[in-house]
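Chains R and D, in that order, give the protein sequences. Heads up, the first sequence is in my numbering, so the first residue is 434 and it goes up one at a time. Heads up, the second sequence is in my numbering, so the first residue is 434 and it goes up one at a time.
If a hint is listed, it holds; no wrong ones were tucked in.
Pairs involving identical chains hold if they fit within one copy or between any two copies, as the list cannot separate such chains.
In silico BS3-like cross-links for lysine-lysine, where the CA-CA straight-line distance does not exceed 27 angstroms:
1. K592 - K633
2. K490 - K538
3. K633 - K615
4. K538 - K583
Derived by calculation from the structure, the hints in this document are not laboratory data. On a predicted model such as this, the values are computed, not experimentally measured, just so you know.
2 protein chains.
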Amino acid sequence: MGKIDVGKKILSANETYALKNSQFLTARGKRCFNIISSPGSGKTTILVRTITDLSAKVRIGVIEGDVQTDIDAERIRATNAPAIQINTEGACHLSAAQVNTALDKLPLDALDMVLIENVGNLVCPSAFELGEDGKIVVLSVAEGDDKPVKYPAIFARSKALLVNKMDLLAGSHVEFDLERVKVDARRLNKGIEIFPVSAKTGEGMQNWYDWLTNQVVSRR
Amino acid sequence: MGKIDVGKKILSANETYALKNSQFLTARGKRCFNIISSPGSGKTTILVRTITDLSAKVRIGVIEGDVQTDIDAERIRATNAPAIQINTEGACHLSAAQVNTALDKLPLDALDMVLIENVGNLVCPSAFELGEDGKIVVLSVAEGDDKPVKYPAIFARSKALLVNKMDLLAGSHVEFDLERVKVDARRLNKGIEIFPVSAKTGEGMQNWYDWLTNQVVSRR
Numbered sequence: 434m435g436k437i438d439v440g441k442k443i444l445s446a447n448e449t450y451a452l453k454n455s456q457f458l459t460a461r462g463k464r465c466f467n468i469i470s471s472p473g474s475g476k477t478t479i480l481v482r483t484i485t486d487l488s489a490k491v492r493i494g495v496i497e498g499d500v501q502t503d504i505d506a507e508r509i510r511a512t513n514a515p516a517i518q519i520n521t522e523g524a525c526h527l528s529a530a531q532v533n534t535a536l537d538k539l540p541l542d543a544l545d546m547v548l549i550e551n552v553g554n555l556v557c558p559s560a561f562e563l564g565e566d567g568k569i570v571v572l573s574v575a576e577g578d579d580k581p582v583k584y585p586a587i588f589a590r591s592k593a594l595l596v597n598k599m600d601l602l603a604g605s606h607v608e609f610d611l612e613r614v615k616v617d618a619r620r621l622n623k624g625i626e627i628f629p630v631s632a633k634t635g636e637g638m639q640n641w642y643d644w645l646t647n648q649v650v651s652r653r
Numbered sequence: 434m435g436k437i438d439v440g441k442k443i444l445s446a447n448e449t450y451a452l453k454n455s456q457f458l459t460a461r462g463k464r465c466f467n468i469i470s471s472p473g474s475g476k477t478t479i480l481v482r483t484i485t486d487l488s489a490k491v492r493i494g495v496i497e498g499d500v501q502t503d504i505d506a507e508r509i510r511a512t513n514a515p516a517i518q519i520n521t522e523g524a525c526h527l528s529a530a531q532v533n534t535a536l537d538k539l540p541l542d543a544l545d546m547v548l549i550e551n552v553g554n555l556v557c558p559s560a561f562e563l564g565e566d567g568k569i570v571v572l573s574v575a576e577g578d579d580k581p582v583k584y585p586a587i588f589a590r591s592k593a594l595l596v597n598k599m600d601l602l603a604g605s606h607v608e609f610d611l612e613r614v615k616v617d618a619r620r621l622n623k624g625i626e627i628f629p630v631s632a633k634t635g636e637g638m639q640n641w642y643d644w645l646t647n648q649v650v651s652r653r
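With the rest of the complex left out, here is chain R (with noise of 0.2 angstroms):
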C-alpha cells in the first residue's frame, strides 16, 4: 500500500465537544477534573468533605454524572456549592457534549474549578475525554488491591489516584496490600500521584487538599 499522509487529525464528535470544553474553561482560568470509579467507592464522600474543607481556599462547583437519579447533587448542595446533575439514561458514561451544556448552568465566575463526578464505572469512562485537566481515579480498599493490573486503562490515564476507605484497612477488616497498588499504578503510570485517603475519617485528606488547590494556584 503506498504512503498516505494525514495531516490533521480527524476528531471525533466527542472529541470536538472535549476541545471546546477544555478551550472554554482555559480561557476563564478555571481548572477542571473529571473523577471515574466504580459505584460505591466513595467519589461523592470525597466531594463533600473536600468543598467543605477547603471552602475558605478554593470555589469548587460539581458536574454530578449518574445513569439515574439526582441524589448524588442532592448531597453536594447540601454544601452549598453549586451542582448541575446529568442523567445518562441509561449509558456508561459522561460525553463531552454532557458536559458542554452543563458548563453552561454553573455559574463559573464565582468559581476557581469544576470538578466532574463520573457515572460509576471503571472502564468506559476512561475512553471518554470531556475537557478536563485530568482524571482522578478512586479506588476503595474494599474493591482489592488487584484492580490496576485489572483495569489498568483508568489508572494510566489518571494524574491522581485516591485509595479510599482506608478506615477499613487499619482495622484489618478487609485484605488489601496497599504496596502492591502503589507498584503496579505506577508500572501503567511514572507519574501518578497517590493519596490513601478516608473520607470518612479524615485521614490522609490534607494531602490531597494540598495537592488540588496547588493546581489552582498553578494556574493563577
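Chain R is already provided as a structure; the job is to place chain D on it using the hints.
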C-alpha cells in the same frame, strides 16, 4: 402514518449469538447464569467458595470475562473446576459471540452448570444477553445501599441478588441499610431472590447454594 406490520423481530448480531448459546445449552440440559457486579464486589470469591462447597452435588464450569489478565480464571482453576478466560481488551462487557467461542472449549458433558463472570461493571453488561437462563447481580455492602435506585437496570433484570461482604456490616464498619436494598430491588423486580451472604465467612451461603442447586434439579 400507515400501519406497519412487523411479523418478526430482527435480531442484532449479539442477540443471534445469544439465541444460539441458549439453544446449545438447553439442548444439552445445562444451566447457565451470568454474574454481574461492580469491580471488587467479590464475584470470584463467591464462585470459588460455591464451586468448592457444591462440588459433590453440582459440577460447575466457568467462563471468566475480564478487561485484562487471567488472574480470575487461575483462581477458579485452583478449585479444579474448568475455567475459560476471555479478555475483552478494553471492552466493558462480554458479548454472546465471545461466550459462544468459550462454550466450545468447556468440557460440557462433565458439567451441570456454566457460570459466566462478566466484566466488573454495573452498567453495560446488563444490556447484553449472553444466552443465559438468568442474570445474578452481586452488590457488596461496602458499595452502599443506594445502588438499586442509582443503577436500576441490572436489578430489574436479575433473577437473584447476592448482597456480599455481610461480615463488614456485622461489625458496623460500613453504613448500609439492607432493608432499603431489599425494598428498592423488589420495587424494580418483584420476583428477585435476595441472599445476604459473606463469601469470606460463609454466612448465608447455604441459602444461595440451595437456590442454585434447585435450578439444576428443576431442569433434570
